[in-house]
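Sequence order for the protein chains is A and C. My numbering puts the first residue of the first sequence at 5, with every later residue one more than the last. My numbering puts the first residue of the second sequence at 10, with every later residue one more than the last.
Think of the hints as simulated: they come from the structure by calculation, not from any bench. Bear in mind the structure is a predicted one, so any value in this text is a computation, not a measurement. Do not rely on the hints blindly, as some may be mistaken.
Unchecked claim - Computed list of lysine-lysine pairs in DSS-like fashion (alpha-carbon distance at most 30 Å, straight line): (1) Lys157(C) x Lys86(C); (2) Lys91(A) x Lys53(C); (3) Lys53(C) x Lys16(A); (4) Lys81(A) x Lys72(C); (5) Lys40(A) x Lys72(C); (6) Lys157(C) x Lys81(A).
As the list claims (entries may be wrong) - A few chain A residues that face chain C, going by a derived Cβ cut-off under 7 Å, partial list only: (7) Glu7; (8) Ile21; (9) Lys40; (10) Val45; (11) Pro46; (12) Glu49; (13) Leu57; (14) Gly58.
All residues carry an ideal CB built from backbone N, CA and C; glycine is no exception.
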Amino acid sequence: MSEIHVVPKDMKTSIGIATDAESAVRKADSAGYLSKAGAAVPGSESVGYMSDLGTRWTDETKAAADSSQKLAAEMQKALDEFEAADKAAGEKGGKVMGPN
Amino acid sequence: MAITFGQVKTWKAAPLGDAGDGLKADLRKLETSRDELEANGVAKSWTGMAADAARGHRDGLVKDLSSHITAKQEMQKALYTAEPEVEAIERLVQGILDRAKTQEFTVSDDGTVTSTATPPTFKSRFEAEEWGNSRQNIAQELADEIEKALAKAVGVDAILARGLPTGINEQGDEYGNIDPAIAEKWETLSTEERKAVLAEMTRKIAEESGVETPDIDWDDLANDTWDDGSITYGYWSDEEPTMALNPNMLDDPGLLINTVAHEVRHGRQHEAIDDKNDWQFWWEDDPFDEHKEDGISEEQAEEWEENFDDYKSTDNGDSFDEYYNQPVETDARNSGRDYLNNLTEEEFNRLLEESR
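In isolation and in its complexed conformation, chain A is listed as follows (with noise of 0.2 Å):
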């Protein structure tokens, strides 16, 4: 059985981070940008492969977004239960240690 170790306030700053790049990544993908480049050059064959490839961009944005979204609420949980964990052993200690 491994050893669990939390540190609320790290394990907050990395809450943090991977909420912050849902929403970087969520915005970040970049679609649009290519079908304005290929209006600029009509007839080319590439521009046949933009819509594509933006439709991959915006799939691998979206599903690295919700991943992203899916780990900081992975560690909230953990941070969650061990903090119910700590408040229950709290209170349980409470009652050992104080008056009858």
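Following the hints, put chain C in place on chain A, whose structure we already have.
Showing chain C alone in chain A's frame:
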């Protein structure tokens, strides 16, 4: 489908640069996110099974982002490379249209130059001929400039095609992508010059492969066109040897250059099989050594020999997939793709010079 002058007339460089700038800004966001996730996306102080799982999750995410970033960087580079080329096209087009207007010509969308000037009254036949000749010369100069603009446009298309990641342009993935400068140069060559440079290319590849230079047959596939939905680019016949190339493909340098390397590779396969089966005294050099030096193993040559003994062809009732996936075709296809991808402008110009 070829790019027309009517289309090139509307090309604009600025949106390509703007798109490149947009990608650059997005790339900054993506790289920052990727780097921060990699460094602190999962708290280092967090241990346990859930922490290990989160780290695995984070590593996969970082890998996906890195691959996405690499593809985007390639396209950003392509857009920035294409921008000044399109600026040059814009200047060329403006020059053509201005001159045409000043000199009383029109240029149609298909690039045809037509004089709209009313001929003056001439005092002599000589004067009339001189006027006609000067009009003809201007029209020719305009036509040459149009050809130059269209050739540049083909080059720009090739620049952008090279910026596409794998899996988007299946033909490019399979057959390779031509150097944009070669694509541009090709547009300016006559049919005879194109055939000559391909002949020189064939000679050079054959020489480097230790294969006898084949005769090129441009006639046998002349009636083979895209009309029925498929086309044969070329084939190799080891008797003589002969290589047939399809003249209907002369407007597609990428496919033809690929085909030359592909077909000569079949010659190399036959050569490797012959050398593998060659018998020599112990003190004689093994002719197969030259193939080994180029990364061809005896096992590979054996596989090719068996394959040629049971060659799959749609002409014999085999399926296209059986034809396509047999070892000799897979190997030749890889050779064609690698040759096209690695052919530089300098090497092409050298071949062109030597073909003249």
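Problem - Hints not upheld, ascending by number - result: 6 and 14
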